[in-house]
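Please model the complete structure; the sequences and the hints are all you need to start from.
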Amino acid sequence: MPNLDVFALMVAALGQIGLCATILLARAGQSQTYMPLSAFFVALGVVIMDPVVAVFAPALRTQAIALTLPAYLLLGPMLWLYIEGLTASVPWQWQRRHLWHFLPFVLGLIVAGMLIAQPLDIREQMLFTGELPPGGLVVIIALSAFALILLWPVQAGWYGIRAIRRLRTYRHELRNLFASNESRELYWLSWLILVLGGVWLLAFAAIIAENFFGRVIIDRRAGAVMALLLTWTLAVWGLRQKPGFEGRYLGDASDEVPEEVTDITSSQKYQRSALGEEQSVRIAAKIDAAMKSDQLFLDPALSLHKLARHVGISPSYISQTLNETIGKSFFDYVNQMRVEYAKPLIIESKETILAISLRAGFNARSSFYKAFKLETGHTPSAFRNADQSSQEAVDTPIQE
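The sequence shown lines up with residues 486 to 885 when you count with our numbering.
None of the hints are false.
Result set (BS3-like, lysine-lysine): computed pairs, CA atoms no more than 30 Å apart in a straight line:
# : residue 1 : residue 2
1 : K813      : K828
2 : K813      : K791
3 : K858      : K777
4 : K771      : K791
5 : K828      : K855
6 : K835      : K777
These aren't lab readings, by the way, just hints derived from the structure by calculation.
Set out below in C-alpha coordinates:
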(Lines of atoms letter the chains of each structure in order from A and count residues from 1; the text may use other names and numbers.)
(Lines give C-alpha, C1' and ligand atoms only; values in the text may rest on other atoms or scores of the structure.)
Protein backbone atom coordinates (compact mmCIF):
# COMPACT_ATOMS: atom_id res chain seq x y z
CA MET A 1 0.00 0.00 0.00
CA PRO A 2 1.65 3.29 -1.10
CA ASN A 3 1.68 6.35 1.08
CA LEU A 4 -1.65 8.14 1.05
CA ASP A 5 -0.12 11.43 -0.03
CA VAL A 6 1.69 9.77 -2.97
CA PHE A 7 -1.50 7.94 -3.89
CA ALA A 8 -3.58 11.15 -3.73
CA LEU A 9 -1.08 13.10 -5.85
CA MET A 10 -0.99 10.38 -8.52
CA VAL A 11 -4.78 10.12 -8.60
CA ALA A 12 -4.97 13.89 -9.11
CA ALA A 13 -2.37 13.74 -11.89
CA LEU A 14 -4.11 10.82 -13.61
CA GLY A 15 -7.43 12.65 -13.39
CA GLN A 16 -5.90 15.66 -15.14
CA ILE A 17 -4.30 13.40 -17.73
CA GLY A 18 -7.56 11.63 -18.51
CA LEU A 19 -9.46 14.90 -18.90
CA CYS A 20 -6.77 16.54 -21.05
CA ALA A 21 -6.28 13.52 -23.31
CA THR A 22 -10.03 13.34 -23.92
CA ILE A 23 -10.35 17.07 -24.70
CA LEU A 24 -7.36 17.00 -27.04
CA LEU A 25 -8.61 13.89 -28.82
CA ALA A 26 -11.94 15.64 -29.43
CA ARG A 27 -10.10 18.68 -30.85
CA ALA A 28 -8.08 16.44 -33.15
CA GLY A 29 -11.09 16.26 -35.44
CA GLN A 30 -10.48 19.92 -36.27
CA SER A 31 -6.69 19.93 -36.07
CA GLN A 32 -4.48 16.83 -35.96
CA THR A 33 -1.82 18.91 -34.17
CA TYR A 34 -3.45 17.95 -30.86
CA MET A 35 -3.20 14.18 -31.41
CA PRO A 36 0.50 13.87 -30.43
CA LEU A 37 -0.10 15.85 -27.24
CA SER A 38 -3.03 13.59 -26.39
CA ALA A 39 -0.76 10.56 -26.91
CA PHE A 40 1.92 12.23 -24.75
CA PHE A 41 -0.58 12.56 -21.91
CA VAL A 42 -1.59 8.89 -22.25
CA ALA A 43 2.06 7.77 -22.18
CA LEU A 44 2.72 9.97 -19.14
CA GLY A 45 -0.28 8.38 -17.44
CA VAL A 46 1.14 4.90 -18.02
CA VAL A 47 4.50 5.99 -16.60
CA ILE A 48 3.06 7.29 -13.31
CA MET A 49 0.12 4.93 -12.73
CA ASP A 50 1.89 2.26 -10.62
CA PRO A 51 0.80 3.60 -7.17
CA VAL A 52 -2.82 3.69 -8.32
CA VAL A 53 -2.70 0.24 -9.94
CA ALA A 54 -1.13 -1.15 -6.75
CA VAL A 55 -4.29 -0.12 -4.85
CA PHE A 56 -7.10 -0.74 -7.33
CA ALA A 57 -5.70 -3.63 -9.40
CA PRO A 58 -2.71 -5.23 -7.64
CA ALA A 59 -2.99 -8.34 -9.82
CA LEU A 60 -2.12 -6.19 -12.86
CA ARG A 61 0.82 -4.39 -11.29
CA THR A 62 3.57 -6.33 -13.08
CA GLN A 63 1.86 -5.70 -16.43
CA ALA A 64 1.56 -1.99 -15.65
CA ILE A 65 5.25 -1.73 -14.71
CA ALA A 66 6.28 -3.59 -17.88
CA LEU A 67 4.31 -1.13 -20.02
CA THR A 68 6.21 1.84 -18.59
CA LEU A 69 9.17 0.87 -20.84
CA PRO A 70 7.41 1.58 -24.17
CA ALA A 71 5.59 4.52 -22.56
CA TYR A 72 8.90 6.22 -21.72
CA LEU A 73 10.03 5.71 -25.33
CA LEU A 74 6.85 7.37 -26.61
CA LEU A 75 7.20 10.62 -24.64
CA GLY A 76 9.99 12.18 -26.72
CA PRO A 77 8.52 11.44 -30.18
CA MET A 78 5.05 12.68 -29.18
CA LEU A 79 6.39 15.94 -27.75
CA TRP A 80 8.45 16.45 -30.90
CA LEU A 81 5.50 15.82 -33.22
CA TYR A 82 3.38 18.22 -31.16
CA ILE A 83 6.02 20.93 -31.53
CA GLU A 84 6.30 20.14 -35.24
CA GLY A 85 2.54 20.61 -35.53
CA LEU A 86 2.53 23.92 -33.64
CA THR A 87 5.31 25.32 -35.83
CA ALA A 88 4.19 23.90 -39.20
CA SER A 89 3.46 26.45 -41.93
CA VAL A 90 0.52 24.37 -43.21
CA PRO A 91 -2.09 22.39 -41.24
CA TRP A 92 -0.20 19.47 -39.69
CA GLN A 93 -1.28 15.90 -40.47
CA TRP A 94 -0.05 12.42 -39.71
CA GLN A 95 2.14 11.18 -42.57
CA ARG A 96 4.02 8.03 -43.42
CA ARG A 97 7.33 9.80 -42.77
CA HIS A 98 6.38 10.03 -39.08
CA LEU A 99 6.30 6.25 -38.61
CA TRP A 100 10.03 5.85 -37.93
CA HIS A 101 9.62 7.91 -34.75
CA PHE A 102 7.69 4.94 -33.30
CA LEU A 103 10.48 2.37 -33.80
CA PRO A 104 11.88 2.54 -30.22
CA PHE A 105 8.31 2.45 -28.86
CA VAL A 106 7.54 -0.69 -30.89
CA LEU A 107 10.74 -2.35 -29.66
CA GLY A 108 9.78 -1.45 -26.10
CA LEU A 109 6.31 -2.86 -26.67
CA ILE A 110 7.79 -6.15 -27.90
CA VAL A 111 10.07 -6.45 -24.87
CA ALA A 112 7.19 -5.55 -22.53
CA GLY A 113 5.01 -8.17 -24.23
CA MET A 114 7.69 -10.81 -23.81
CA LEU A 115 7.96 -9.94 -20.11
CA ILE A 116 4.19 -9.98 -19.60
CA ALA A 117 4.05 -13.41 -21.26
CA GLN A 118 6.27 -14.87 -18.51
CA PRO A 119 4.71 -16.58 -15.48
CA LEU A 120 3.77 -14.32 -12.57
CA ASP A 121 6.53 -15.56 -10.26
CA ILE A 122 9.20 -14.80 -12.87
CA ARG A 123 7.77 -11.33 -13.52
CA GLU A 124 7.70 -10.54 -9.80
CA GLN A 125 11.22 -11.87 -9.33
CA MET A 126 12.56 -9.72 -12.18
CA LEU A 127 10.66 -6.54 -11.28
CA PHE A 128 10.55 -6.56 -7.48
CA THR A 129 13.57 -8.51 -6.22
CA GLY A 130 16.05 -7.56 -8.93
CA GLU A 131 17.10 -11.20 -9.33
CA LEU A 132 17.42 -12.86 -12.72
CA PRO A 133 15.70 -16.27 -12.93
CA PRO A 134 17.45 -18.97 -14.98
CA GLY A 135 16.56 -19.30 -18.65
CA GLY A 136 17.83 -17.97 -21.97
CA LEU A 137 14.65 -16.05 -22.83
CA VAL A 138 14.68 -14.29 -19.47
CA VAL A 139 18.26 -13.14 -20.08
CA ILE A 140 17.28 -11.83 -23.54
CA ILE A 141 14.35 -9.91 -22.03
CA ALA A 142 16.54 -8.41 -19.29
CA LEU A 143 19.33 -7.38 -21.69
CA SER A 144 16.84 -5.94 -24.19
CA ALA A 145 15.09 -3.95 -21.48
CA PHE A 146 18.42 -2.65 -20.19
CA ALA A 147 19.47 -1.58 -23.71
CA LEU A 148 16.19 0.29 -24.20
CA ILE A 149 16.52 1.95 -20.80
CA LEU A 150 19.94 3.23 -21.89
CA LEU A 151 18.46 4.33 -25.23
CA TRP A 152 15.77 6.44 -23.57
CA PRO A 153 17.93 9.39 -22.33
CA VAL A 154 19.78 9.45 -25.67
CA GLN A 155 16.45 9.57 -27.51
CA ALA A 156 15.07 12.25 -25.18
CA GLY A 157 18.20 14.39 -25.54
CA TRP A 158 18.13 14.11 -29.33
CA TYR A 159 14.50 15.20 -29.52
CA GLY A 160 15.12 17.98 -27.02
CA ILE A 161 17.96 19.46 -29.10
CA ARG A 162 15.88 19.19 -32.28
CA ALA A 163 12.94 20.88 -30.58
CA ILE A 164 15.01 23.80 -29.25
CA ARG A 165 16.54 24.38 -32.69
CA ARG A 166 13.18 24.22 -34.42
CA LEU A 167 11.61 26.66 -31.97
CA ARG A 168 14.49 29.10 -32.43
CA THR A 169 14.15 29.01 -36.23
CA TYR A 170 10.37 29.22 -35.97
CA ARG A 171 10.58 32.42 -33.91
CA HIS A 172 12.93 33.91 -36.49
CA GLU A 173 10.38 33.11 -39.21
CA LEU A 174 7.60 34.69 -37.13
CA ARG A 175 9.45 38.00 -37.21
CA ASN A 176 9.25 37.94 -41.00
CA LEU A 177 5.50 37.31 -41.03
CA PHE A 178 3.82 39.02 -38.08
CA ALA A 179 4.15 42.35 -36.27
CA SER A 180 2.77 41.00 -32.96
CA ASN A 181 3.85 37.57 -31.74
CA GLU A 182 2.87 37.46 -28.06
CA SER A 183 0.67 34.37 -28.37
CA ARG A 184 2.84 32.61 -30.96
CA GLU A 185 6.40 32.57 -29.65
CA LEU A 186 6.01 29.35 -27.60
CA TYR A 187 8.60 30.29 -24.99
CA TRP A 188 6.69 28.16 -22.50
CA LEU A 189 7.63 25.11 -24.59
CA SER A 190 11.33 25.97 -24.49
CA TRP A 191 11.20 26.21 -20.70
CA LEU A 192 9.16 23.01 -20.50
CA ILE A 193 11.75 21.16 -22.60
CA LEU A 194 14.55 22.30 -20.30
CA VAL A 195 12.60 21.29 -17.20
CA LEU A 196 11.64 17.96 -18.78
CA GLY A 197 15.27 17.32 -19.61
CA GLY A 198 16.21 17.75 -15.97
CA VAL A 199 13.29 15.64 -14.73
CA TRP A 200 14.01 12.85 -17.20
CA LEU A 201 17.69 12.77 -16.25
CA LEU A 202 16.67 12.44 -12.61
CA ALA A 203 14.18 9.71 -13.50
CA PHE A 204 16.83 7.83 -15.49
CA ALA A 205 19.30 8.10 -12.61
CA ALA A 206 16.60 6.90 -10.20
CA ILE A 207 15.79 3.87 -12.38
CA ILE A 208 19.46 2.87 -12.64
CA ALA A 209 20.16 3.47 -8.94
CA GLU A 210 17.11 1.55 -7.72
CA ASN A 211 17.32 -1.41 -10.10
CA PHE A 212 21.08 -1.96 -10.17
CA PHE A 213 22.34 -0.55 -6.88
CA GLY A 214 19.28 -0.85 -4.64
CA ARG A 215 19.40 2.83 -3.73
CA VAL A 216 16.52 5.31 -3.78
CA ILE A 217 17.72 8.76 -4.81
CA ILE A 218 14.31 10.35 -5.42
CA ASP A 219 11.65 10.15 -2.73
CA ARG A 220 8.35 8.86 -4.14
CA ARG A 221 6.57 11.86 -2.68
CA ALA A 222 8.90 14.22 -4.58
CA GLY A 223 8.37 12.20 -7.75
CA ALA A 224 4.60 12.44 -7.34
CA VAL A 225 4.78 16.22 -6.84
CA MET A 226 6.92 16.60 -9.98
CA ALA A 227 4.49 14.46 -11.98
CA LEU A 228 1.52 16.54 -10.84
CA LEU A 229 3.26 19.86 -11.58
CA LEU A 230 4.37 18.67 -15.01
CA THR A 231 0.86 17.50 -15.84
CA TRP A 232 -0.69 20.74 -14.62
CA THR A 233 1.76 22.92 -16.57
CA LEU A 234 1.28 20.99 -19.79
CA ALA A 235 -2.49 21.02 -19.30
CA VAL A 236 -2.71 24.79 -18.70
CA TRP A 237 -0.54 25.77 -21.65
CA GLY A 238 -1.18 22.90 -24.04
CA LEU A 239 -4.97 23.15 -23.96
CA ARG A 240 -5.00 26.83 -24.93
CA GLN A 241 -2.10 26.92 -27.39
CA LYS A 242 -2.94 27.22 -31.08
CA PRO A 243 -0.55 26.56 -33.98
CA GLY A 244 1.65 29.61 -34.52
CA PHE A 245 0.93 29.95 -38.23
CA GLU A 246 -2.79 29.18 -37.92
CA GLY A 247 -3.74 32.71 -38.99
CA ARG A 248 -2.17 32.20 -42.39
CA TYR A 249 -3.26 28.64 -43.24
CA LEU A 250 -5.83 30.11 -45.62
CA GLY A 251 -3.33 32.52 -47.19
CA ASP A 252 -1.89 32.43 -50.67
CA ALA A 253 0.55 29.72 -51.61
CA SER A 254 3.13 32.44 -52.23
CA ASP A 255 3.05 33.25 -48.52
CA GLU A 256 4.21 29.82 -47.40
CA VAL A 257 7.45 28.76 -45.79
CA PRO A 258 8.76 25.20 -46.01
CA GLU A 259 6.86 22.82 -43.73
CA GLU A 260 10.13 21.48 -42.36
CA VAL A 261 11.46 24.68 -40.80
CA THR A 262 15.24 24.75 -41.06
CA ASP A 263 18.12 27.10 -40.21
CA ILE A 264 18.85 29.07 -43.39
CA THR A 265 20.29 32.51 -43.92
CA SER A 266 18.51 35.29 -45.82
CA SER A 267 20.99 35.06 -48.69
CA GLN A 268 20.33 31.33 -49.08
CA LYS A 269 16.59 31.87 -48.82
CA TYR A 270 16.47 34.46 -51.61
CA GLN A 271 19.31 33.26 -53.86
CA ARG A 272 16.87 31.97 -56.50
CA SER A 273 14.67 35.07 -56.39
CA ALA A 274 14.08 37.03 -59.60
CA LEU A 275 13.82 40.31 -57.67
CA GLY A 276 16.39 42.83 -58.92
CA GLU A 277 18.04 45.64 -56.96
CA GLU A 278 16.19 48.48 -58.72
CA GLN A 279 12.85 46.74 -58.32
CA SER A 280 13.61 46.12 -54.66
CA VAL A 281 14.31 49.84 -54.10
CA ARG A 282 10.98 50.73 -55.72
CA ILE A 283 9.17 48.19 -53.55
CA ALA A 284 10.87 49.59 -50.43
CA ALA A 285 9.65 53.09 -51.32
CA LYS A 286 6.14 51.79 -51.96
CA ILE A 287 6.06 49.95 -48.63
CA ASP A 288 7.33 53.00 -46.75
CA ALA A 289 4.79 55.29 -48.40
CA ALA A 290 1.88 52.93 -47.71
CA MET A 291 2.88 52.39 -44.09
CA LYS A 292 3.27 56.11 -43.36
CA SER A 293 0.31 57.49 -45.33
CA ASP A 294 -2.18 54.78 -44.35
CA GLN A 295 -0.65 54.08 -40.92
CA LEU A 296 -1.00 50.34 -41.38
CA PHE A 297 1.28 49.78 -38.39
CA LEU A 298 -1.55 50.82 -36.06
CA ASP A 299 -3.32 47.54 -36.84
CA PRO A 300 -2.40 45.15 -33.98
CA ALA A 301 -3.06 42.17 -36.26
CA LEU A 302 -0.93 43.45 -39.15
CA SER A 303 0.87 40.64 -40.97
CA LEU A 304 3.10 40.33 -44.00
CA HIS A 305 0.16 38.90 -45.93
CA LYS A 306 -2.06 41.90 -45.06
CA LEU A 307 0.64 44.34 -46.17
CA ALA A 308 1.14 42.39 -49.39
CA ARG A 309 -2.56 42.60 -50.21
CA HIS A 310 -2.60 46.32 -49.46
CA VAL A 311 0.30 47.22 -51.77
CA GLY A 312 -0.40 44.50 -54.34
CA ILE A 313 3.04 42.89 -54.17
CA SER A 314 4.05 39.28 -53.54
CA PRO A 315 4.68 38.53 -49.83
CA SER A 316 7.99 36.87 -50.71
CA TYR A 317 9.17 40.01 -52.55
CA ILE A 318 8.15 42.21 -49.61
CA SER A 319 9.98 39.93 -47.17
CA GLN A 320 13.10 39.95 -49.35
CA THR A 321 12.98 43.75 -49.70
CA LEU A 322 12.62 44.22 -45.95
CA ASN A 323 15.49 41.88 -45.14
CA GLU A 324 17.95 42.84 -47.88
CA THR A 325 17.14 46.45 -48.86
CA ILE A 326 15.70 47.94 -45.68
CA GLY A 327 17.73 45.63 -43.45
CA LYS A 328 14.98 44.73 -40.99
CA SER A 329 12.58 41.90 -40.39
CA PHE A 330 8.88 42.65 -40.83
CA PHE A 331 8.47 42.56 -37.04
CA ASP A 332 11.29 45.06 -36.39
CA TYR A 333 10.22 47.35 -39.25
CA VAL A 334 6.62 47.66 -38.07
CA ASN A 335 7.51 48.04 -34.40
CA GLN A 336 10.05 50.76 -35.21
CA MET A 337 7.23 52.74 -36.83
CA ARG A 338 5.00 52.11 -33.84
CA VAL A 339 7.68 53.39 -31.48
CA GLU A 340 8.20 56.54 -33.60
CA TYR A 341 4.43 57.10 -33.53
CA ALA A 342 4.35 56.69 -29.75
CA LYS A 343 7.25 59.04 -28.93
CA PRO A 344 5.35 62.36 -29.31
CA LEU A 345 2.35 60.86 -27.53
CA ILE A 346 4.51 59.99 -24.54
CA ILE A 347 5.89 63.53 -24.40
CA GLU A 348 2.76 65.54 -25.20
CA SER A 349 -0.07 63.33 -23.96
CA LYS A 350 -1.16 62.67 -20.39
CA GLU A 351 -2.40 59.21 -21.32
CA THR A 352 -1.03 56.20 -19.51
CA ILE A 353 1.77 54.21 -21.11
CA LEU A 354 -0.65 51.30 -21.55
CA ALA A 355 -3.15 53.46 -23.43
CA ILE A 356 -0.41 54.83 -25.69
CA SER A 357 0.94 51.36 -26.40
CA LEU A 358 -2.50 50.19 -27.51
CA ARG A 359 -2.97 53.30 -29.67
CA ALA A 360 0.38 52.61 -31.34
CA GLY A 361 -0.68 49.10 -32.35
CA PHE A 362 0.90 46.98 -29.62
CA ASN A 363 -1.14 44.20 -28.04
CA ALA A 364 0.54 44.34 -24.65
CA ARG A 365 2.38 46.79 -22.43
CA SER A 366 5.32 44.40 -22.08
CA SER A 367 5.89 44.13 -25.84
CA PHE A 368 5.74 47.93 -26.12
CA TYR A 369 8.33 48.35 -23.37
CA LYS A 370 10.62 45.81 -25.02
CA ALA A 371 10.37 47.40 -28.49
CA PHE A 372 10.70 50.94 -27.12
CA LYS A 373 13.82 50.17 -25.10
CA LEU A 374 15.37 48.33 -28.04
CA GLU A 375 14.78 51.36 -30.27
CA THR A 376 15.62 54.21 -27.88
CA GLY A 377 17.66 52.66 -25.09
CA HIS A 378 15.09 53.87 -22.54
CA THR A 379 11.80 52.61 -21.18
CA PRO A 380 8.73 54.72 -22.10
CA SER A 381 8.48 56.00 -18.51
CA ALA A 382 12.16 56.98 -18.41
CA PHE A 383 11.77 58.66 -21.82
CA ARG A 384 8.85 60.73 -20.50
CA ASN A 385 10.66 61.61 -17.27
CA ALA A 386 13.80 62.61 -19.14
CA ASP A 387 11.82 64.97 -21.37
CA GLN A 388 10.07 66.50 -18.37
CA SER A 389 13.40 67.00 -16.60
CA SER A 390 14.89 68.71 -19.66
CA GLN A 391 11.87 71.00 -19.91
CA GLU A 392 12.18 71.94 -16.24
CA ALA A 393 15.86 72.70 -16.74
CA VAL A 394 15.03 75.00 -19.66
CA ASP A 395 12.28 76.76 -17.71
CA THR A 396 14.43 77.32 -14.61
CA PRO A 397 15.89 80.88 -14.69
CA ILE A 398 19.64 81.22 -14.42
CA GLN A 399 20.62 83.07 -11.27
CA GLU A 400 23.48 85.50 -11.65
